[in-house]
Amino acid sequence: MPISSNPLEKKMIEVNGKQMAVHDSGSGQSVVFLHGNPTSSYLWRNIIPHVATTARCVAPDLIGHGDSDKLDDTSPGQYTFVQHREYLDGVLDAL
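Terminal number for the sequence shown in my numbering: 190, no gaps in between.
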């Protein structure tokens with residue numbers, strides 16, 4: 096499969112009043128692809144097509160990243176691990 100520069104298709108899920116972008120493809124056991132800071136699910140665009148042939152692939156844009164909404168207060172120290180976990184839990188619960 097050739098290397099792609101095309102972004103993944105995403106849907107929006109509301110979590111705590113914010114829109115979270117998430118890619119969801121394939122079927123079977125779920126594999127969740129998490130990106131680091133300051134990237135997005137775009138990081139996984141060349142891996143997911145291979146994994147999606149045998150598993151369900153879920154790749155969210157964490158809150159404040161990629162196509163997901165930003166927090167109202169974006170001052171330093173606002174994007175904590177606890178907040179990321181709360182929004183990620185909301186995405187996974189909605190799926």
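The set of hints was computed from the structure by calculation and includes no laboratory data.
Note that CB positions come from ideal geometry on N, CA and C, so glycine has one too.
Treat each hint with caution, since some may be false.
Once the Cα atoms are required to be at most 30 Å apart in a straight line, the calculated BS3-like pairs of lysine-lysine come out as [stated by the list, open to error]:
1. LYS106 - LYS165
2. LYS105 - LYS165
3. LYS165 - LYS113
Computed Cβ-Cβ distance ranges for the label pairs, DEER-style [claimed, not checked]:
4. PHE176 - ILE142: 22 to 28 Å
5. PRO171 - HIS145: 36 to 42 Å
6. PRO97 - ASP184: 33 to 39 Å
7. GLN124 - LYS165: 29 to 35 Å
Do the hints match the structure? See the list:
1. LYS106 - LYS165: With Cα atoms ~16 Å apart, LYS106 and LYS165 stay inside 30 Å; holds.
2. LYS105 - LYS165: The hint holds at about 17 Å.
3. LYS165 - LYS113: Roughly 8 Å between the alpha carbons, so the hint for LYS165 and LYS113 holds.
4. PHE176 - ILE142: 22 to 28 Å: 24 Å, holds
5. PRO171 - HIS145: 36 to 42 Å: Between PRO171 and HIS145, where Cβ atoms are some 38 Å apart, the hint holds.
6. PRO97 - ASP184: 33 to 39 Å: The hint (33 to 39 Å, Cβ to Cβ) holds, given that PRO97 and ASP184 are roughly 35 Å apart.
7. GLN124 - LYS165: 29 to 35 Å: With Cβ atoms ~32 Å apart, the hint holds.
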